[in-house]
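Residue numbers (the numbering used here), protein chains in the order written: chain A, 157 to 398; chain B, 157 to 398; chain C, 157 to 398; chain D, 157 to 398.
It cannot be assumed that every hint is accurate.
Listed next, the in silico EDC-like pairs over lysine to aspartate or glutamate satisfying Cα-Cα at most 20 Å (straight line) [claimed, not checked]:
id, chain 1, residue 1, chain 2, residue 2
1, D, 359, B, 357
2, D, 259, D, 159
3, C, 279, A, 357
4, B, 216, B, 356
5, D, 279, D, 262
6, B, 354, B, 392
7, B, 359, B, 392
8, B, 317, A, 271
9, B, 259, B, 305
10, B, 321, B, 159
11, C, 317, D, 369
12, C, 321, D, 271
13, A, 317, B, 290
14, D, 216, D, 357
15, D, 216, B, 356
16, D, 321, C, 290
17, C, 321, D, 357
18, B, 321, A, 298
19, B, 317, B, 262
20, D, 317, C, 206
21, B, 359, D, 357
In case anyone wonders, no lab produced these hints; they're calculated from the structure.
Owing to the predicted nature of the structure, the values given are computational and were not obtained by experimental measurement.
Number of protein chains: 4
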Amino acid sequence: VSDVRFRSDVSVELIQSVGTDLTVVQAARISTGRDSVPVDIDDWTKSMSEADGLIRFLMKNRHGTPFEHNLFTFRIEAPIFVWREFMRHRIGFSYNEESGRYKQLEPVFYVPARERNLVQQGKAGAYTFVPGNEAQYGLTQDSLRRVYEEAYTEYEFLLGKGIAKEVARMCLPVAIYSSAYVTCNARSLMSFLSLRTKHEDSKFPSFPQREIEMVAEQMEDYFVSQMPLTAAAFREYGRVSP
Amino acid sequence: VSDVRFRSDVSVELIQSVGTDLTVVQAARISTGRDSVPVDIDDWTKSMSEADGLIRFLMKNRHGTPFEHNLFTFRIEAPIFVWREFMRHRIGFSYNEESGRYKQLEPVFYVPARERNLVQQGKAGAYTFVPGNEAQYGLTQDSLRRVYEEAYTEYEFLLGKGIAKEVARMCLPVAIYSSAYVTCNARSLMSFLSLRTKHEDSKFPSFPQREIEMVAEQMEDYFVSQMPLTAAAFREYGRVSP
Amino acid sequence: VSDVRFRSDVSVELIQSVGTDLTVVQAARISTGRDSVPVDIDDWTKSMSEADGLIRFLMKNRHGTPFEHNLFTFRIEAPIFVWREFMRHRIGFSYNEESGRYKQLEPVFYVPARERNLVQQGKAGAYTFVPGNEAQYGLTQDSLRRVYEEAYTEYEFLLGKGIAKEVARMCLPVAIYSSAYVTCNARSLMSFLSLRTKHEDSKFPSFPQREIEMVAEQMEDYFVSQMPLTAAAFREYGRVSP
Amino acid sequence: VSDVRFRSDVSVELIQSVGTDLTVVQAARISTGRDSVPVDIDDWTKSMSEADGLIRFLMKNRHGTPFEHNLFTFRIEAPIFVWREFMRHRIGFSYNEESGRYKQLEPVFYVPARERNLVQQGKAGAYTFVPGNEAQYGLTQDSLRRVYEEAYTEYEFLLGKGIAKEVARMCLPVAIYSSAYVTCNARSLMSFLSLRTKHEDSKFPSFPQREIEMVAEQMEDYFVSQMPLTAAAFREYGRVSP
Numbered sequence: 157v158s159d160v161r162f163r164s165d166v167s168v169e170l171i172q173s174v175g176t177d178l179t180v181v182q183a184a185r186i187s188t189g190r191d192s193v194p195v196d197i198d199d200w201t202k203s204m205s206e207a208d209g210l211i212r213f214l215m216k217n218r219h220g221t222p223f224e225h226n227l228f229t230f231r232i233e234a235p236i237f238v239w240r241e242f243m244r245h246r247i248g249f250s251y252n253e254e255s256g257r258y259k260q261l262e263p264v265f266y267v268p269a270r271e272r273n274l275v276q277q278g279k280a281g282a283y284t285f286v287p288g289n290e291a292q293y294g295l296t297q298d299s300l301r302r303v304y305e306e307a308y309t310e311y312e313f314l315l316g317k318g319i320a321k322e323v324a325r326m327c328l329p330v331a332i333y334s335s336a337y338v339t340c341n342a343r344s345l346m347s348f349l350s351l352r353t354k355h356e357d358s359k360f361p362s363f364p365q366r367e368i369e370m371v372a373e374q375m376e377d378y379f380v381s382q383m384p385l386t387a388a389a390f391r392e393y394g395r396v397s398p
Numbered sequence: 157v158s159d160v161r162f163r164s165d166v167s168v169e170l171i172q173s174v175g176t177d178l179t180v181v182q183a184a185r186i187s188t189g190r191d192s193v194p195v196d197i198d199d200w201t202k203s204m205s206e207a208d209g210l211i212r213f214l215m216k217n218r219h220g221t222p223f224e225h226n227l228f229t230f231r232i233e234a235p236i237f238v239w240r241e242f243m244r245h246r247i248g249f250s251y252n253e254e255s256g257r258y259k260q261l262e263p264v265f266y267v268p269a270r271e272r273n274l275v276q277q278g279k280a281g282a283y284t285f286v287p288g289n290e291a292q293y294g295l296t297q298d299s300l301r302r303v304y305e306e307a308y309t310e311y312e313f314l315l316g317k318g319i320a321k322e323v324a325r326m327c328l329p330v331a332i333y334s335s336a337y338v339t340c341n342a343r344s345l346m347s348f349l350s351l352r353t354k355h356e357d358s359k360f361p362s363f364p365q366r367e368i369e370m371v372a373e374q375m376e377d378y379f380v381s382q383m384p385l386t387a388a389a390f391r392e393y394g395r396v397s398p
Numbered sequence: 157v158s159d160v161r162f163r164s165d166v167s168v169e170l171i172q173s174v175g176t177d178l179t180v181v182q183a184a185r186i187s188t189g190r191d192s193v194p195v196d197i198d199d200w201t202k203s204m205s206e207a208d209g210l211i212r213f214l215m216k217n218r219h220g221t222p223f224e225h226n227l228f229t230f231r232i233e234a235p236i237f238v239w240r241e242f243m244r245h246r247i248g249f250s251y252n253e254e255s256g257r258y259k260q261l262e263p264v265f266y267v268p269a270r271e272r273n274l275v276q277q278g279k280a281g282a283y284t285f286v287p288g289n290e291a292q293y294g295l296t297q298d299s300l301r302r303v304y305e306e307a308y309t310e311y312e313f314l315l316g317k318g319i320a321k322e323v324a325r326m327c328l329p330v331a332i333y334s335s336a337y338v339t340c341n342a343r344s345l346m347s348f349l350s351l352r353t354k355h356e357d358s359k360f361p362s363f364p365q366r367e368i369e370m371v372a373e374q375m376e377d378y379f380v381s382q383m384p385l386t387a388a389a390f391r392e393y394g395r396v397s398p
Numbered sequence: 157v158s159d160v161r162f163r164s165d166v167s168v169e170l171i172q173s174v175g176t177d178l179t180v181v182q183a184a185r186i187s188t189g190r191d192s193v194p195v196d197i198d199d200w201t202k203s204m205s206e207a208d209g210l211i212r213f214l215m216k217n218r219h220g221t222p223f224e225h226n227l228f229t230f231r232i233e234a235p236i237f238v239w240r241e242f243m244r245h246r247i248g249f250s251y252n253e254e255s256g257r258y259k260q261l262e263p264v265f266y267v268p269a270r271e272r273n274l275v276q277q278g279k280a281g282a283y284t285f286v287p288g289n290e291a292q293y294g295l296t297q298d299s300l301r302r303v304y305e306e307a308y309t310e311y312e313f314l315l316g317k318g319i320a321k322e323v324a325r326m327c328l329p330v331a332i333y334s335s336a337y338v339t340c341n342a343r344s345l346m347s348f349l350s351l352r353t354k355h356e357d358s359k360f361p362s363f364p365q366r367e368i369e370m371v372a373e374q375m376e377d378y379f380v381s382q383m384p385l386t387a388a389a390f391r392e393y394g395r396v397s398p
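Pulled out of the complex, with its shape left as it was, chain A reads as follows (with noise of 0.2 Å):
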């Protein structure tokens, strides 16, 4: 029998990432033929502040095909209950996520750390949060245990008995973790995070489960690597994808 095994994190690595600010503008430039790229290094500095006032040009009147040409490909994992939020996202997204009718999955569960708010105030669609007491999170944290490891117990057992991994998995919970390769555009990338981040600049608000926040937040982090102008021209314009 396994050991099953709990986290209270998600993981997000960067598999491979190609365009840059620059390629943002060249793209955008080629609507008036200007669209050639700096070659020596003055040029490039005279380019780059050229490129912050195009970038923040184009963020904050919503054009938003400059942004498409590049991407990023990340090996995420996260329980399946962010997969279902995060597969929402149809439109520059690209999957290919572990099979639980393929392999046998992992005794990996998600167990919310101390620190995520427990208990939800006000009504659907704008819930804020707030701790819950120490019973709170004792007794969510033996409930969750207990299910999760009666169930990897059962499917274990079902497969032993030469049950398909496709039905035996039905008795698994949504808390269980899968790994998946998601890619992207900035674009769709800054679609994904404003909706999937909470942000008191941001001019719609959103109000997205603290479990895809945290994948959504480290994405942040390597697009403000990859794209600093065009991260913070996102953050400046309130958040909104172009």
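Got chain A; can you put chains B, C and D on it based on the hints?
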């Protein structure tokens, strides 16, 4: 404490539809500027005969766009593990689903019926399935039902203790039912059917999980009713989406 | 030799539509499991009042998917330079257009009406336009008509010499009219309207070419008729597609 | 007055790309949880051999998503009548194009080369083309060049009179060149190639206009260089996009 219920079926209800075989023809004929619609009954009969020929031509040669000017909206009830596969269909599909963040999910879970094959043979990507013996059927029923009941009990216990719905639901198995509105058009529907049904006359064989195939079969029935010539041509030319 | 004709308008005809404000509400309410449709008239009235509130909430908070379960099919006649802009709309739009490879294009060309502003001021991305004087209007008419007529004459000459339609058409100006079926849903339509109309109350200002705005205005009229609450909420919240 | 120039070619330059055959394999293997990348050279060789088998399996059985985790950005120069066909490709394609609203278009127009077939035979949807005689070639050149020159002359005349670029350009023929950045992935590229090239070994025959096929052929060369196993499998299994 709620009574847990078990189902072995899925339900697909057609909420609305628009567009017929003749709409396909009309859209296709605009390329040659002959897209007017017949007004009297003789013209209509002649028109349907020409329609059949044109639709078969479009299907055979994979001219797909004329099949997009129509719509089907379904209300579907299926287990979450089916929805997980369903929502991988991104293009030409719209979804609104029940939310485990906003409401308490109902205690309805999927168990395989006796005729559902339980044992897989062959290798990943091309499994075949066989029934399994009585013992296997019995222990599958027992294991699944036991986990479902325990999980739902803990879920309600957590809700009763004031834990947020989005946290409490983490323990719920992927076999719990969920409902959604799904909108697609004939082209995206054919793409779905080609991948989510198993047919001897498919040019490209598919090996869907039985439960999503049960959804697909009901969708196909509505498709055949609404667009009989298109559906017939789809079948005639190897169930390849144009 | 064919007589060349000139038009200064575009035409938009609604071929079919399905889905209303109530469909938006129904789709949205499935998230809380209250998606049943009212059956008697009192319920209906109450329902429309609730519908208004819910639709405005969805629009304000940019919950977009409930606006996708509906369809509009238009038959549109417009110059090719309008189609060039139109077909940049990729998501939620389906097209079938007249083909210059399969048929002889008709000798119908666009000329600006007297009220169409002819002179641009300001810089790229935020032009404003002013009428131009009588002389400018006159020479524009003369120049455009002269080229159209000469081009169409050469086109027919080449066709008469046995040159393929797809080759002969190379000389035709982008002002020649073409027809297409266009299918979209309320969400993709609102995205189109937000970019292709210029309004003082737009949260994000757009600067469309006047001729595509003429198409957009007619599409918006149909939208207002078919989904009045949705259209009103779109306008109220700054003409931002949800 | 500008000198009008004539071209009979198209140009396709690869600006950037990321992702290889091995990325396809990695993405596909996550379904079974074996997605790690080889680190030493022996493993690499073994890996490429396995990769070939897996890629051929994916292609044959139309498992398309593993082919989406990669990107090609091209800078393409082609006549507008080619762009009109190109931009019908909506899914997995991003575009930024030169704008006739923001800049004066350059006086460069397409004329068929001597080897371009000028005369069509057969019926719509399945034309074949034959060369045409010397007289036909000569008069095509003369007619097209004459219209292009007159149209561009009027265009510059109108610009000189202060008419807005977006109005003056209405007289320009669809053979004028335009430039664009085009980004796609291997899956969307294969869909493009299957429709925009004519090959004897295509399972579903296509009849593209020669000029867009010239673009497609250059794109295919880059594809073969960047992802040789994928490109070979595409050809082996009938040039059907997976």
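Hint check:
Restraint check for residue 359 of chain D and residue 357 of chain B: satisfied, since their Cα atoms lie roughly 17 Å apart, inside the 20 Å limit. A hinted pair counts as satisfied when its Cα atoms are at most 20 Å apart, and residue 259 of chain D with residue 159 of chain D qualifies at roughly 17 Å. Taking the CA atoms of residue 279 of chain C and residue 357 of chain A, the gap is about 30 Å. The hint is violated against a cut of 20 Å. Our distance criterion of 20 Å between C-alpha atoms is met by residue 216 of chain B and residue 356 of chain B, whose separation comes to about 18 Å.
Note on residue 279 of chain D and residue 262 of chain D: the hinted pairing is violated, with a Cα-Cα distance of about 36 Å set against a maximum of 20 Å. Our distance criterion of 20 Å between C-alpha atoms is met by residue 354 of chain B and residue 392 of chain B, whose separation comes to about 15 Å. Between residue 359 of chain B and residue 392 of chain B, the direct Cα distance comes to roughly 10 Å. Compliance with the 20 Å bound is thereby established for this hinted pair. Restraint check: the Cα-Cα separation between residue 317 of chain B and residue 271 of chain A comes to about 18 Å, which is no more than 20 Å; the hinted pair holds.
Restraint check: the Cα-Cα separation between residue 259 of chain B and residue 305 of chain B comes to about 19 Å, which is no more than 20 Å; the hinted pair holds. Restraint check for residue 321 of chain B and residue 159 of chain B: satisfied, since their Cα atoms lie roughly 19 Å apart, inside the 20 Å limit. At roughly 25 Å between alpha-carbon atoms, residue 317 of chain C and residue 369 of chain D are farther apart than 20 Å, so this suggested pair is violated. A distance of roughly 17 Å separates the Cα atoms of residue 321 of chain C and residue 271 of chain D; the hinted pair therefore holds under the 20 Å criterion.
Restraint check for residue 317 of chain A and residue 290 of chain B: satisfied, since their Cα atoms lie roughly 12 Å apart, inside the 20 Å limit. Our distance criterion of 20 Å between C-alpha atoms is met by residue 216 of chain D and residue 357 of chain D, whose separation comes to about 15 Å. Straight-line distance between C-alpha atoms of residue 216 of chain D and residue 356 of chain B comes to about 17 Å, which keeps the hinted pair within the 20 Å bound. With a C-alpha separation of about 18 Å, the suggested pair residue 321 of chain D and residue 290 of chain C falls inside the 20 Å cut-off, and the hint holds.
With a CA separation close to 27 Å, the supplied pair residue 321 of chain C and residue 357 of chain D exceeds the 20 Å bound. Taking the CA atoms of residue 321 of chain B and residue 298 of chain A, the gap is near 16 Å; set against the 20 Å cutoff, the hint holds. For the hint linking residue 317 of chain B to residue 262 of chain B, the alpha-carbon distance of about 18 Å falls within 20 Å, and the restraint holds. With a CA separation close to 57 Å, the supplied pair residue 317 of chain D and residue 206 of chain C exceeds the 20 Å bound.
For the hint pairing residue 359 of chain B with residue 357 of chain D, the CA-to-CA distance comes to about 17 Å; that is within 20 Å, so the pair holds.
When the structure is compared with the earlier hints, violations turn up for hints 3, 5, 11, 17, 20 and for no others.
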